[in-house]
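Those protein sequences? They're chains A and B, same order as listed.
So the first sequence is numbered by the working numbering: it starts at 27 and just counts up by one.
So the second sequence is numbered by the working numbering: it starts at 27 and just counts up by one.
Rather than coming from a laboratory, the hints here were simulated on the basis of the structure.
Careful: at least some of the hints might be erroneous.
If several chains are the same, the list does not tell them apart, and a pair holds so long as it fits within one copy or across any two.
Claimed, not checked - Simulated crosslink set (EDC-like; lysine to aspartate or glutamate; CA at most 16 Å straight-line):
| no. | residue 1 | residue 2 |
| --- | --- | --- |
| 1 | K337 | D240 |
| 2 | K136 | D259 |
| 3 | K358 | E145 |
| 4 | K102 | D240 |
| 5 | K58 | E314 |
| 6 | K102 | E312 |
| 7 | K255 | E170 |
| 8 | K58 | D40 |
Please read these numbers as outputs of a predicted model, since none were measured by experiment.
Number of protein chains: 2
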Amino acid sequence: MKLNIPQAIRWTGDELYLLDQTKLPGEVVEEKQETIEMVWHAIKQLKVRGAPAIGVSAAFGLIVGIRDATNLPLEKFIIHIAKQAAYLDSSRPTAVNLHWSMVRMVNKAKSQSANSSAELYKALVEEAEAIDQEDKAFCLAMGEYGAPLIKEGMGVLTHCNAGSLVTSGIGTATAPMYVAHQNGVPFRVYADETRPLLQGARLTSWELQMAGVDVTLITDNMAGHLMSKGLIDLVITGTDRVAANGDVANKIGTMSVAILAHHFNIPFYVACPSSTIDFASTTGDEIEIEEREWDEVTSFGSRQTAPEGIKVCNPAFDVTPNRFVSGLITEKGIVRAPYRENLAELFDAHQSR
Amino acid sequence: MKLNIPQAIRWTGDELYLLDQTKLPGEVVEEKQETIEMVWHAIKQLKVRGAPAIGVSAAFGLIVGIRDATNLPLEKFIIHIAKQAAYLDSSRPTAVNLHWSMVRMVNKAKSQSANSSAELYKALVEEAEAIDQEDKAFCLAMGEYGAPLIKEGMGVLTHCNAGSLVTSGIGTATAPMYVAHQNGVPFRVYADETRPLLQGARLTSWELQMAGVDVTLITDNMAGHLMSKGLIDLVITGTDRVAANGDVANKIGTMSVAILAHHFNIPFYVACPSSTIDFASTTGDEIEIEEREWDEVTSFGSRQTAPEGIKVCNPAFDVTPNRFVSGLITEKGIVRAPYRENLAELFDAHQSR
């Protein structure tokens, strides 16, 4: 069965197309990235979002930014590459994968033994394609390892969007679902709408629906009720960052889902490519929680839904303690408690991004 | 300190004014009810909402519907009263207090020993005013019993709107907050926005803000996170129906809040006038959960936020098992477990509405 899933990033060999995710699900618009400035704005304005997808987009975006400069002498071309990479890197300072991708491309340029700018350009295209392929392979591996968790007839809950839209492949949390679906396993997905920005309603339910997965949209406060009614057998979410001890930082609301799952004896898994593991954070307590703008909570679209001047809390993330996590689905297999030991064993604990 | 809270229902002695709650918080519009048809539509269209407020509105609405008919002979006037009451009763068939209020008014008319239609009319105005006064007194009593739960510096979480807007008094869940506020106790309230209909954002945060209570609006999925950060010391919600064993049916999401509060050792109280106790329901399992329209979840205002054709769940209520309830704040005092015995003892278990 061929999967029909949206492609956040499409590289034709010489052109980069990005899906404008800010318009979803109302309009499906793929934009050809004519200039590096377009890519910069696409990242800045969240047209492309999610750590892996940003890293891949930036690698191809850099190619867009250097392809017309291969007539420069090699030394000047390398300086140009570094400048363009630094420019793209400035589009979203907190995106770890963006910085990592730009460092990798520039290091490649500097360490390359190319004899000409044209030759170096070709090597960098290959490097960007390698970054893209690695991301696709990581998604697929998480899918293969995670799919056996999904048994026939199960109800699977997910929170926020950790789907194909945030990667160049089949997503992180969605990867096991897509692989199980391709294997012909019948199951149901419940997608939390994920206030305030509604990634679950706008993105997750859209991409799963497109792929033909049986998906039902719910408001965040319904998940516990469905659990109590026996409709949910498994939870899989993504993550923004996992501490060395297995504490999971993810979209606000994830921790509540994990505690409710624990209460109802429902397994709670987190899809977690190794790039998301932050061995520098000993525990989740060290992960800083971003506080976002108040108007995300007080309005919807252009319509104000709360009284003028009302105080608001708007933490973007919460931290799920490791004891509520049944397992981390990584590209090297499912890691279980004790997480500190098992993560360090499976991955090089001293690696940095 | 005089409380500045919105009045859902205002009776001047001969005129009825209802606040149009569908326009809140953007517009504050009080509508003079010229005819019984206007009252019928106000109830139907949820301009007035909440069991106690509907009961009181209907009692005064009946007065509006009979005030021009006192020239009828007494016998015909009584028939007219019964007809008008049946008409008003048809505006929202599932509203328990609406039916109860109409039965009480008609019984009063039939049992009255008035010598003239004018005399009977006067007695019915007094009955409607008695229903109104009783509701106000119940709210105040719940407030007095519940207020001591709120200590200086506490963070109090509430879900949905069980405020002054659903009663003719100071609300149910909000009553302890208003009394504590009047007593000069400083505390903070967190109001869950309460998807899908956002009663917390539109109504609770508005009325608490108006009263000068320190209130912060959050999305439903933030409550657990705030609990984990030690910001919430007490939860008080309202209820739509309490079973004889203390199981609590209330707005979707309440059960999840209760389980999370239990997990974090935070007391969870339910404000519950005796009119809400359904001794005919042995446990909460017998309470039917209304499933509402799908478009409440897929759109907001006129803006669609989910893909076309997406499947949706939309249960209006959930049932919180009695073991998660620290106490029921009633007009006769706080009732604690074992609920079946203690509720039956405090109230007449055989009473019917």
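Results of checking the hints against the structure:
1. Taking the closest pair of Cα atoms, K337 and D240 come within 16 Å of each other only across two copies (9 Å); inside a single copy the shortest separation is 39 Å, beyond that limit.
2. In this homomeric assembly, K136 and D259 never come within 16 Å of each other (Cα to Cα): the closest approach is 51 Å inside a single copy and 57 Å across copies.
3. In this assembly of identical chains, K358 and E145 lie within 16 Å of each other by CA distance neither inside one copy nor across copies; the values are 34 Å within and 86 Å between.
4. When the C-alpha separation of K102 and D240 is checked against a cutoff of 16 Å, the pair qualifies neither within a copy, at 54 Å, nor between copies, at 61 Å.
5. Within a single copy, K58 and E314 get their C-alpha atoms no closer than 35 Å, and across copies no closer than 53 Å, so neither meets the 16 Å cut-off.
6. Proximity of K102 and E312 under a CA criterion of 16 Å is satisfied in neither setting, with 42 Å inside one chain copy and 78 Å between copies.
7. Proximity of K255 to E170 under the C-alpha cut-off of 16 Å is found in neither arrangement, the shortest distances being 29 Å within a copy and 37 Å between copies.
8. Taking CA atoms no more than 16 Å apart as the test, K58 paired with D40 passes inside one copy only; the shortest distance there is 11 Å, against 69 Å between copies.
The structure does not agree with the numbered hints 2, 3, 4, 5, 6, 7 stated previously, though it agrees with the rest.
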